[in-house]
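Chemist: Please work from the sequences and hints to get the whole structure.
Residue numbers (numbering that gives the first Met the number 0), protein chains in the order written: chain A, 0 to 317; chain B, 0 to 317; chain C, 0 to 298; chain D, 0 to 298.
Worth flagging that the hints you see were computed from the coordinates, not collected in a lab. Treat the hints with caution; some may be incorrect.
[As the list claims (entries may be wrong)] Which chain D residues face chain C? A few, computed with CB under 10 Å, are given here:
{"no.": "1", "residue": "ILE61"}
{"no.": "2", "residue": "THR65"}
{"no.": "3", "residue": "SER66"}
{"no.": "4", "residue": "ALA67"}
{"no.": "5", "residue": "LEU69"}
{"no.": "6", "residue": "PRO90"}
{"no.": "7", "residue": "THR96"}
{"no.": "8", "residue": "TRP97"}
Glycine is no exception: its CB is placed at the ideal position from the N, C-alpha and C atoms.
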Amino acid sequence: MTVVETGVDMRTALGAVEIPGPVLTASGCSAFGQELEPFVDLTALGAVVTKSVQLRPRSGRPTPRMAETPSGMLNSIGLQGPGIDGLLAEDLPWLAERGARAFVSIAGTRVEDFAELAERLRGVPGVLGLEVNISCPNVESRGEVFACDPVAASDVLSAVRAAADPAQPVYAKLSPDVTDIVSVARAVRDAGADGLSMINTLLGLVIDPDTMRPVLGGVTGGLSGPAIRPVALRCVWQVHAAMPEVPILGMGGIRNGLDALQFVLAGASAVSVGTAVFNDPSAPVRIHDELAAVLAARGFASLSDAVGHAHRPAGVER
Amino acid sequence: MTVVETGVDMRTALGAVEIPGPVLTASGCSAFGQELEPFVDLTALGAVVTKSVQLRPRSGRPTPRMAETPSGMLNSIGLQGPGIDGLLAEDLPWLAERGARAFVSIAGTRVEDFAELAERLRGVPGVLGLEVNISCPNVESRGEVFACDPVAASDVLSAVRAAADPAQPVYAKLSPDVTDIVSVARAVRDAGADGLSMINTLLGLVIDPDTMRPVLGGVTGGLSGPAIRPVALRCVWQVHAAMPEVPILGMGGIRNGLDALQFVLAGASAVSVGTAVFNDPSAPVRIHDELAAVLAARGFASLSDAVGHAHRPAGVER
Amino acid sequence: MTGRNGHAGHVTEPAPKPAHPPVQREVEVVGRRPVNAYVELSLAAPEIAERAEPGQFLAFAIGGETSALLLRRSIAIAGAGDGVVSVVVAPHGPGSTWLAGLRVGERVDVVGPLGRPFPAAPAGARALLVGGGYGAAALVGLAARLRSQGHEVAAVAGAASADRLCSVAELSALAAPVEVTTDDGSAGRTGRVTVAVDELLTGVGVVYACGPMAMLRAVADAATALGIPSYVAVEESMACGIGVCMTCVLPVVGEDGRTRFSRSCVEGPVFGGDRVRFDDVGKLPHDVVGADAMGVVAP
Amino acid sequence: MTGRNGHAGHVTEPAPKPAHPPVQREVEVVGRRPVNAYVELSLAAPEIAERAEPGQFLAFAIGGETSALLLRRSIAIAGAGDGVVSVVVAPHGPGSTWLAGLRVGERVDVVGPLGRPFPAAPAGARALLVGGGYGAAALVGLAARLRSQGHEVAAVAGAASADRLCSVAELSALAAPVEVTTDDGSAGRTGRVTVAVDELLTGVGVVYACGPMAMLRAVADAATALGIPSYVAVEESMACGIGVCMTCVLPVVGEDGRTRFSRSCVEGPVFGGDRVRFDDVGKLPHDVVGADAMGVVAP
Ligand SMILES: Cc1cc2nc3c(=O)[nH]c(=O)nc-3n(C[C@H](O)[C@H](O)[C@H](O)COP(=O)(O)OP(=O)(O)OC[C@H]3O[C@@H](n4cnc5c(N)ncnc54)[C@H](O)[C@@H]3O)c2cc1C
Ligand SMILES: Cc1cc2nc3c(=O)[nH]c(=O)nc-3n(C[C@H](O)[C@H](O)[C@H](O)COP(=O)(O)OP(=O)(O)OC[C@H]3O[C@@H](n4cnc5c(N)ncnc54)[C@H](O)[C@@H]3O)c2cc1C
Ligand SMILES: Cc1cc2nc3c(=O)[nH]c(=O)nc-3n(C[C@H](O)[C@H](O)[C@H](O)COP(=O)(O)O)c2cc1C
Ligand SMILES: Cc1cc2nc3c(=O)[nH]c(=O)nc-3n(C[C@H](O)[C@H](O)[C@H](O)COP(=O)(O)O)c2cc1C
Ligand code: FES
Ligand code: FES
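Modeler: In structure tokens:
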């Protein structure tokens, strides 16, 4: 870590749990951490946010699963993964052995699925907390995405908070595809979320000019990368303005230290790096170091001093 | 026009009014057309969509009014413009003299403002129709944007349709910043909109790493450019799938003929070119020509054959 | 201070519209020369060269089709003749760094000449030209034109430090005296351009300036205080450069005495120094035309 | 056909994991040579060169910090030695066109070597190598390794037309016979690679192929039909190249006979030819592990 070099205290927290640095991976963009090992010291990261896991193993969707877009990409993986059994048997022990912190992303299509996953993750070594991916279709509501409905979203969060290990902070991961993100944020906060992860991908579409049909088998997919950064920052800004006390894990298009700084200034106390990893597998550590350097250059003694700074009237520099 | 060269019949319509080609400018991205004259034959465009006009002249917001973002930009102009009197006295006659078609974008903060603007534009020479920019704060509803509320949106559209010249098609311009764009589309269609313009900008934010405050005076701004193209295409796709009979003027990040083709295949019967004009002032004519060429290369005899083509099952090529 | 509001008399007229409309061309880089901290590029662009007038600028597309940088970068024309236009680029952010890295033989898409040129000097007037940093480059063509029209020309070139000076040799061939100032004293006199400007203003009939906003303001204020007309070429953030986006506006007092948000790309970049309300840049004063519709009321 | 489902016996083992983990380096282009329709680039990348095994690939970042193209482009390693790795690039879309346009002295960010290499041939086996288009380049290192291990090597290089052939000279120095086929007959025999493959398969103990999916399938099917193990290096659309994104999957039959969506970047690109369910690429067959959770049920 570069704490010593820059003199900036980079410690922060997810909920009540302290982490040594504010840079995490983003769910689905670093699998379960293993493949990053040649490029990144996993223990130096705030945490590895694992690919969203469901109860059962999932094949994911047929290919093509992605399309490159200007300064971004569209994906439709369909949450391919080992299921909770596989995660508990292989991936989490692997991370725990190395001393890497896991922030486990869980997903489901029923409120009970989420609760059961939280239950299964109680007290698991190395599991720092849970990120609840509510950008999934709710099978009990004609497939409407949980995150798009404050009531459905809060149902999930209260069930998870009730079932989860009290020592594990629970973050709700919000979708930007809503008319009023503050109302969703407020609903999940009231339901017991300890923090908010923002943002998940935007719903997008690309048509293949050769086949003249949507590129992705799933027709639409999730848009990520620097292209969406202004939208992500806006969401973080709005929610921090409305609820400054709620911790935010910011993400969406972070590619370098100055991008991460924007999220911190807007109100995020930690950040996740997603699509940028595909461009640069060492991005999470590089961004940690760059963020420390840009904070130092601006005279911040600690990361926490900078959180939400952009909301303070100009001239109030600390 | 390139109709002869490529053999593709590029005629299309806005509502019931035929236009010679499907490529228009986008409101706010080509002012009132004058400045494009050195680069573009204005009469060759489907229409010039004029900068949104309000009842009174407006100064617009203080600078900075823009920030460049990855493959896009954020703007917060604040609808600087001459007001309807100025438009009627100078800009519309200028366009009419040259034989250019004007698709006049109107904006307001009260339902009556919109209706009055439509009334003032009745029978004005060269005014082909109206695009109703409902991405404005509704002063009667605590500043909520009309386009984010199906009821407010349909109030505006029914007032405009009632007040407007029956010969002038009225398009509602929708915002992507909603949970369910199809419900807004349906509401304005039911209120009498003859077509839909999609999409307006996404709400975004950029923080200046030097001042550590939002770049834009208005804090948030509108995100446009290729970065948002997948979101725009998704909106066009969803609405065309739900209401295939409603004409769509597609826009959002169109930069070349293949981009325009994607919108047409997704269901747009005409397209607007916005931010790309800043990159390439000749973009609207270039894109017309490129679109004609890519349609020809795919064996389409006419633009209208390609509208919505991507919704047909693969294999059904015509 | 005149120019603070619309009621005082103004000694400048708005800069004239350019004689020719702009063109858009993909042009070849035919010369590249580092000049102190800057890079001078020469472009084979006959149609632009023959249309260009001093004070106008070019807008460059950055990085080709696949670039994430969508907006053009505006760069003042430093010279034009024999089918070639030249510019002096300061590598700053990604766009100008890309431009400065162009090599001879590479091609770049350019729109120009754009903007209003510096107006002619009053008959027989002695002219003072003031350039800050790379801003001095934009004054070389003006100096030449003024000399050819028989005007006496003096010039000041200032910069933060010696390596950020520009076009001093070119100006010295056309103007006398040519004073150099640097903030850090690494070349010429120590201090801002105003230390030299204040001395040289006596007897001057018109002032032209190009450089950073703070410098333009100081020079314009000094000239206006003595009743001397001044013309400043401003550098506002521009998205389009051709007048269609409305991002580049400044509060400028018009001939009717009313202040409008004027587009610096097509109503400028050259404005009367006493017409730009420097104090109000980045603000929305209540007396700007249309401020009332924005909900701004007179205090 | 074996390989269509998990129940039949399989004659291949999964390709081995590479001996070394990949590294990420900014490397210099030290050579550039047009080869027919392609461009061969040589990169000074000692750490990659010493780790590379035949069948592995590199992932290149495209266009620097300001590029709108975020995803790396995967390119097979065509040669490695003396601190230099080489690749053969076919300019296709914007990314590969950018790569192919790199000049000597320019630098590029590369991750590699990635993916699993071709496995060793069975002891004493005669090997047949089949390359389609630029895919032949990826076989040159393999041919050399096989020869050095005492194997007899034959090769087929095919392409749509003569200008899209690749590495024929290099292969001819290492293998015999080397048959050339082109679809249009502009070089070698007219037709697909299979016209030559079918003849050469007799007596062969292992087949290796690299090229377009349709070719891989034809070659694998021909080998499998004769009970000959084959290894194919597939080319699936990849977002990360390192195994974290799950975009590059194919239905592949594992050692337990069950089909999984396997990542072609880390579980491939080399797969047993009888293990890839070519027919089901782009589909979601009900017997893929986890298909049930996607709502796909057995018919
Ligand atoms: C009329 C005019 C003439 C100019 N002449 C010259 C010249 O001769 N030589 C030279 O080196 N530079 C000149 N500039 C400034 C030059 O346009 C900026 O330095 C350049 O746009 C910065 O782009 P960037 O990508 O390097 O920096 P960034 O800061 O990353 O740019 C981000 C965005 O802000 C805009 N921007 C940033 N700084 C400026 C600025 N100072 N002025 C206008 N827009 C800015 C950019 O255009 C871009 O859209 C001129 C600007 C104007 C308006
Ligand atoms: C393991 C492997 C080895 C390869 N080896 C070579 C080689 O030696 N020489 C060579 O010229 N090419 C090779 N390719 C193909 C090369 O990666 C693509 O041609 C290239 O990515 C196309 O990018 P583009 O921007 O030019 O085209 P675009 O079509 O614009 O690319 C758009 C997106 O699709 C992906 N894509 C498009 N075509 C392919 C493809 N054929 N395979 C994988 N992804 C694709 C791109 O990576 C990009 O993300 C290889 C691919 C893989 C997976
Ligand atoms: C290929 C891919 C897979 C993803 N999978 C998941 C996932 O499983 N769960 C989840 O919550 N978010 C997932 N995301 C969303 C990211 O975690 C992140 O919220 C989003 O991509 C925005 O950040 P970025 O721009 O840095 O990628 C995925 C994103 C990508 C690109
Ligand atoms: C600088 C700027 C000003 C705009 N002004 C308006 C406007 O006045 N009215 C309107 O309806 N849309 C306005 N828009 C939105 C565009 O018309 C268009 O819907 C949006 O930019 C998406 O298209 P694009 O990506 O091609 O620019 C503006 C966009 C930009 C970039
Ligand atoms: S830069 Fe667009 S109007 Fe001036
Ligand atoms: S390309 Fe990302 S997992 Fe294979």
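Chemist: Identify whether the interface hint at LEU69/D stands, where standing means a beta carbon of chain C within less than 10 Å of its own.
Modeler: 9 Å, holds
Chemist: Grab the minimum C-beta distance from SER66/D to chain C and call the hint holds if it beats 10 Å, violated otherwise.
Modeler: 6 Å, holds
Chemist: Next item in the hint list is THR96/D. Is there a CB on chain C closer than 10 Å to its CB?
Modeler: This hint holds: THR96/D lies near chain C, its Cβ roughly 9 Å from the closest one there, short of 10 Å.
Chemist: Double-check ALA67/D for me: the hint is only fine if its C-beta lies closer than 10 Å to a C-beta in chain C.
Modeler: 4 Å, holds
Chemist: Let me know if the C-beta of THR65/D comes in closer than 10 Å to any C-beta of chain C, holds or violated.
Modeler: Hint on THR65/D: holds, closest Cβ of chain C at ~5 Å, below 10 Å.
Chemist: Hint check: is the beta carbon of PRO90/D less than 10 Å from a beta carbon of chain C?
Modeler: It is violated, given that the least Cβ distance between PRO90/D and chain C is near 13 Å, above 10 Å.
Chemist: Would the stated hint for ILE61/D survive a check requiring a Cβ distance to chain C of less than 10 Å?
Modeler: 8 Å, holds
Chemist: Is the interface hint for TRP97/D satisfied, with its Cβ closer than 10 Å to some Cβ of chain C?
Modeler: 7 Å, holds
Figure legend: structure checked against the earlier numbered hints; the only hint not met is number 6.
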